[in-house]
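Go ahead and model the full structure; you've got the sequences and the hints to work with.
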Amino acid sequence: MDARLEAIRDTVLARNPGEAEFHQAVVEVFESLGPVHDRHPEFLDAAILERLCEPERQIIFRVPWTDDAGRVRINRGFRVEFNSALGPYKGGLRFHPSVYLGIVKFLGFEQIFKNALTGMPIGGGKGGSDFDPRGRSDAEVMRFCQSFMTELYRHIGEYTDVPAGDIGVGAREIGYLFGQYKRITNRYESGVLTGKGISWGGSLVRPEATGFGTVIFTQEMLKTRGTSFDGQRVVVSGSGNVAINAIAKAQSLGATVVACSDSSGYIMDEAGIDVGLLREVKEVERGRLKDYAVRRPGVSYVDGGSVWDVDATVALPCATQNELDGGAAARLVRGGLLAVGEGANMPSTRDAVAVFQEAGVLFGPGKAANAGGVATSALEMQQNASRDSWSFEHTEERLTDIMVGIHHRCAATADEYGEPGNYVLGANIGGFVKVAEAMLAQGLI
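Numbering (this note's numbering), first residue to last: 809 to 1253.
Be careful, since some hints might not be right.
Distance ranges between label pairs, derived from CB positions [to be verified]: (1) Ile992 - Arg879: 21 to 29 Å; (2) Arg1033 - Val1102: 32 to 40 Å; (3) Gly1039 - Leu1085: 19 to 27 Å; (4) Leu1085 - Arg1033: 45 to 53 Å; (5) Gly1135 - Arg870: 58 to 66 Å; (6) Ser1197 - Arg1139: 44 to 52 Å; (7) Asp876 - Pro1228: 53 to 61 Å; (8) Asp1038 - Ala822: 48 to 56 Å; (9) Gly1134 - Ala822: 35 to 43 Å.
These are computed hints drawn from the structure, not numbers from a lab.
Predicted model, so just to flag it, every value in this text is computed and none were measured.
Beta carbons: idealized from backbone N, C-alpha and C, even for Gly.
As structure tokens, then:
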């Protein structure tokens, strides 16, 4: 790394102690940017990187609520509004016990580049809470969401900051959040949240978009090697919304998805995952994968195992950050791996990425491969602004065009900077340059 970038990196890490995930995201981006600053010294002169790594606004607040037994509970809420050079802050809300400021900042930092790559006019932000909706009643989730929005509402708006869902925040939670926002503000401001229900301002394809987009991006990578998803043996981590829709899209293109996971273990289904049954178990019944295994003949459930022990030609990590380490990456490579498309945010550790790249495995980083979700959220904002509603086919076509465009932008940038096929470098530089040029044009703010 260039000495100037090292100095900036070290300052950023020192100013943000104890935030391991944020540090990881920052270092990964900095390692790509040396060639950019050789060509564009004006970015260094204007302290673009220092400003990019410092959020424009960080909001932390208390969220009091009562459970069904009448006991008072206290959680912590976050919203990090990272960069608005390209448009209003845009990024999801995550409700999970692991959430703390470092997680939210890593997600928000990644979101800056991801949103820039879509070509849509949206900035980067993220938020959430250490609240765990799992095992809570609908009434408890509603009371929490109402309390959370009672503080958050003053910081968001369709021209300011537009949250969406993430882990632990689905259609149910978005509904409760939107209802409270509407109640407090006395405005039906559809564009303030995305991921809404179809009947009240949501967009078709939004639930499918992240998983579909990951597969579309990975398909474009495979095309550069003269192949496709047809006939591929695929493993997917996770079994939530992103994973389920990635499985559905991959199998629609001719792949066989033989394994997926949850926090307790994974299932092996050599005939190919039955998406209908998986949806019923996970989305309707809110059950576990072991319930799927009980109901489908020939399926084995591995309690506590790693889905990355399963040989595959394509891997789609769709669960959470740092779930795929260097050892798992090496096992996958030995099993004949061709490509990895990240459906989650930073699911591969730095060691894993190095293993994939050294082995010549096609590797699509999350900020590029999983950008379909936020891209379709921006399409939802367009529909809200024009009081319009698009067909599934039209919206899916727009999503496909955006994902193909992201792949082209990453590949072309990697070529331009002398590293053909390096999608990590292509995504980092492609997103950074777009944001940096906008920041330079808007002055020192």
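Mind listing which of the numbered hints don't hold for this structure, in increasing order?
4, 5, 9
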